[in-house]
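> The primary structure of each chain is shown beneath.
Protein chains: 8
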Amino acid sequence: MSNSTANLKWTAYLSGEIHSDWRQRIINAAREADLPFTWLSPITNHGDSDDCGAVILGEENNAFWHDHKGAKINAIRTRTYIEKADVVVVRFGDKYRQWNAAFDAGYASALGKAIITLHDPELAHALKEVDGTALATAQTPEQVVEILKYVSTGVLKR
Amino acid sequence: MSNSTANLKWTAYLSGEIHSDWRQRIINAAREADLPFTWLSPITNHGDSDDCGAVILGEENNAFWHDHKGAKINAIRTRTYIEKADVVVVRFGDKYRQWNAAFDAGYASALGKAIITLHDPELAHALKEVDGTALATAQTPEQVVEILKYVSTGVLKR
Amino acid sequence: MSNSTANLKWTAYLSGEIHSDWRQRIINAAREADLPFTWLSPITNHGDSDDCGAVILGEENNAFWHDHKGAKINAIRTRTYIEKADVVVVRFGDKYRQWNAAFDAGYASALGKAIITLHDPELAHALKEVDGTALATAQTPEQVVEILKYVSTGVLKR
Amino acid sequence: MSNSTANLKWTAYLSGEIHSDWRQRIINAAREADLPFTWLSPITNHGDSDDCGAVILGEENNAFWHDHKGAKINAIRTRTYIEKADVVVVRFGDKYRQWNAAFDAGYASALGKAIITLHDPELAHALKEVDGTALATAQTPEQVVEILKYVSTGVLKR
Amino acid sequence: MSNSTANLKWTAYLSGEIHSDWRQRIINAAREADLPFTWLSPITNHGDSDDCGAVILGEENNAFWHDHKGAKINAIRTRTYIEKADVVVVRFGDKYRQWNAAFDAGYASALGKAIITLHDPELAHALKEVDGTALATAQTPEQVVEILKYVSTGVLKR
Amino acid sequence: MSNSTANLKWTAYLSGEIHSDWRQRIINAAREADLPFTWLSPITNHGDSDDCGAVILGEENNAFWHDHKGAKINAIRTRTYIEKADVVVVRFGDKYRQWNAAFDAGYASALGKAIITLHDPELAHALKEVDGTALATAQTPEQVVEILKYVSTGVLKR
Amino acid sequence: MSNSTANLKWTAYLSGEIHSDWRQRIINAAREADLPFTWLSPITNHGDSDDCGAVILGEENNAFWHDHKGAKINAIRTRTYIEKADVVVVRFGDKYRQWNAAFDAGYASALGKAIITLHDPELAHALKEVDGTALATAQTPEQVVEILKYVSTGVLKR
Amino acid sequence: MSNSTANLKWTAYLSGEIHSDWRQRIINAAREADLPFTWLSPITNHGDSDDCGAVILGEENNAFWHDHKGAKINAIRTRTYIEKADVVVVRFGDKYRQWNAAFDAGYASALGKAIITLHDPELAHALKEVDGTALATAQTPEQVVEILKYVSTGVLKR
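Residue numbers (this note's numbering), protein chains in the order written: chain A, 1 to 158; chain B, 1 to 158; chain C, 1 to 158; chain D, 1 to 158; chain E, 1 to 158; chain F, 1 to 158; chain G, 1 to 158; chain H, 1 to 158.
So here's chain A without its partners, still in its complex pose (with noise of 0.2 Å):
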């Protein structure tokens, strides 16, 4: 029956890590794939993102001003792109502590989208609340491109 409805088309946010390849993972597989998707993403040169702020509008000799006009900038990018998510996937690694992550989490939870969770076992206990909140919990990139295809297409790979 999936085939004989239109594909509508979906946007996807992918939060989270930028220390790995798991974004340009999910998007080479789910191109191949032919999704019907548009990826959106944070800015993921994590030089840039600390400095926009000083660089466009000028240095801060305190560093936590420096941080904050950054974080305001990235934050007209995020709001906005996650607003315009249907899906947000949102990605754990094992460095850092990536609280910007779980506070992308709780916003995109608070405006109902549907939450991808990716991480691996080790991380479960301390992400309990977030993947508590997720419609799925996935440990790879493949395994979140096969639920964005099954929801998206009706094709399940068995």
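Just so you know, these hints were derived from the structure itself, not from any lab.
All C-beta atoms, glycine included, are put in the ideal place defined by N, C-alpha and C.
Treat the hints with care, as some may be off.
[Stated by the list, open to error] The calculated label-pair distances, taken between Cβ atoms and stated as ranges, are:
id, chain 1, residue 1, chain 2, residue 2, range
1, D, K84, H, E142, 37 to 45 Å
2, G, D94, H, E122, 45 to 53 Å
3, A, A63, H, S20, 19 to 27 Å
4, F, T140, D, N45, 55 to 63 Å
5, E, K95, B, N62, 25 to 33 Å
6, G, H46, F, R158, 36 to 44 Å
Dock chains B, C, D, E, F, G and H against the given chain A, drawing on the hints supplied.
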């Protein structure tokens, strides 16, 4: 007058029974009549709908969690589609408990969607609360198509 | 300045009186002026609007339920269109009670839509609450078109 | 069972006709039955309602602006009360155009309020769109009280 | 720590099955434990719930409209109560189709209410979509009370 | 990574001062950089903005109502555009009171829009509440363009 | 009729000018008339309002961040109060730029609050957009009190 | 002026770290100062918070589901409290990943709640996105109390 104004593009979500060809009858008739509708539906493959969680994310020993993982993945599609729909058609057949169809109707109702129910007259008493929130209660897919034709194009077949 | 910025696509819903040619006068003048509007309107065939419920879903002995079935089917169109509209033009003529026009105005007002009322000065006292919520009160379809031209293209005919 | 659960406090807004004693009949009967309701109503003094803007803020030469100033001040009360109400009772009498009553019904409907209409059967055809959005259509104030008693206390007088 | 912060007043709506004493068991146990809850429930008298429309507003020849009038009057109570509730407990028994219970769950879910389902394990597969949206699935009224005690007072009986 | 994901189409509303060329500088620079933006702005012809109500709907003797009619017609454009915008840039110049610019900022803030303020440092103290709600405060149109380039394309000019 | 219905408790937020006694005149007159209002206002101590951030959280070398910290702490009060208010009275005096008052008006307008503006006629042209969204424009605190008396108690002093 | 207006009752939710006495320090100091606050907090007993699902609803073999059941029951409290709060204070300590605290901040932010973060300066860089959405960032519980005193009573201790 209606033919002098642009026909807006409509979106309909077809919720409920997956064991008869009612969706196809609606879509085929609507396409013949060239109605300006995008059609959305849940996964209608019963087995895939039951097993998608376990197939993609791994088997569960416990039947409750097997079901739970699948139900939540299906919800990624279902909720996204209901939110994008202008009209939600909810079909109740004579078999199974179909609580997910009634759940969809409640979800759509709280979002203010236009609801059309589709069922045999024998089910009317049991469905009175659901019908009470619908803007139309039809007995055949062809009646649904006539309603959608009338509201979208202004043509009423007498 | 206005001609250097993209003209957004607007949507207008034309609510109310169905016994004069005011809709056509607005749409024709707007098309001549090439205004960027999609036009939506209720069913303007009085007989179809009254009978659609009974014609599609079956006759009713009781006039109340005959009307009820029809009114609800018309609401599928009306509510969907008001929700999609940026501007709701509500026309009151000199005949009939036209409670549905006032109802549409209230519905649009609560949704925060921009409302333009269109009626003769003699009706102004009776319509003071509705006019009080409107962003403009016009007496002729041509004034409505001038308003829509000005707000959408920035051109004011002096 | 109903008498074992706390009776919540309800709020009702009584909209519409101001030339008969229907509000008093509802309130008196409800008080006799000790219903847990707070009663809200628009200004029911016709002259004050018309002139409040000019009396408080200064006379206007132009009748339109005289009405406009008054209508908006009345809206401070009307909108605030409708937003605070659980149930909106809308009464249509046999005189005047009463567009403000229909406007209130539309406003309440878009906010998802429970609406009860109250009018004679002769008005049913003209009010079919308003009745179509109501959860009950009564012909007498006493019926309204019976409905409110039943939904708030669970007692149905057979 | 929890006993140093004020216990907020909670409101719970008890939806679903009306043929067993599950509501009374929850309310009695909660009162013994002095839980800070206001309890709301639908009309639990089956006959009154079916006939209220006809009894108050007049008989209907047609069973569909008899049911329709009653279902809508019950909706005045049901929707108002669900909107006021913090927690919605939905009970499914082993008899009847109980589509109104599933409808309530969907309605509550779209409003973002915390949902607790209550049913026997045999119903779990048929209720997987409803359970998938619940924050807890209990098998006994006593478990529901323990959950409500824990979330409202912080006391967990081990 | 950013260049591997689709650049979403953005919409910006340029609110405030109409006596310098700041809008054109932003739009020109953004077009040269090929930024994916649709640009919206208020009517920037001062005379038309003041007189539109009287010109289209008829002269008023009273200056207050002359202004009132015009302000409301301009609001049809302003509110519609702010609601459609992802980003609202609010420019304050050194002349006039510009209360409408601050009003737009408040309106946009309550809707959760991303706000960028643009003004000279001398105005910073008087604008501290408005800047406090903005995600960036720029001093030149070129800084605004750099922010919009960075958030929409991920390119940061160091 | 109005005296037969309960007077609801109202909440008013008094925004804007802090250099004259207009708030006290409103509150005193309202208390004499026993109006059912809770009165909310911003911090009206100019120095405290400017310095609160630095005093509580530590000094800043940079004036911009000094202001920023203070403005945001004041926003905790301002936004919370506007959201709790039924009516927002916004006062504009003849000194200072008062952009925060216009910002509050825009914020309140987007939330659908009833707005009353209070200012001298000389400011009317500059405030036309703000007045255009208000439900009343008063010139004296006494007029504001008369409006609030009328809408809350139904008494109109002629 | 502030002491002439009623102090509204405020509600604060204290989210985050459960291994130090910061909540008690805030509540004690606020009570001494007689601040008009109701205090809400998550379950702060670590063991109960982890095990509540298994204790009430039955053991799980699989650690993921053990956590999942508990996390969702805790969410009944957490979400209800955040939604009822005017101010959400989020505390980050130096141990554990505390993703639930960041999640709460994101959830509160999307709901438009006033957020105050509380953490040591060393965490500022890692928390820059969360601080970027907060209306104040404090380093000690006493600073939080001073903020809450100032915004609720208008008293600033210099």
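> Taking the hints in turn, state whether each one holds.
Structure-based check of each hint:
| no. | hint | result |
| --- | --- | --- |
| 1 | D/K84 x H/E142: 37 to 45 Å | holds (39 Å) |
| 2 | G/D94 x H/E122: 45 to 53 Å | holds (49 Å) |
| 3 | A/A63 x H/S20: 19 to 27 Å | holds (25 Å) |
| 4 | F/T140 x D/N45: 55 to 63 Å | holds (58 Å) |
| 5 | E/K95 x B/N62: 25 to 33 Å | holds (27 Å) |
| 6 | G/H46 x F/R158: 36 to 44 Å | holds (41 Å) |
Of the numbered hints stated above, none is contradicted by the structure.
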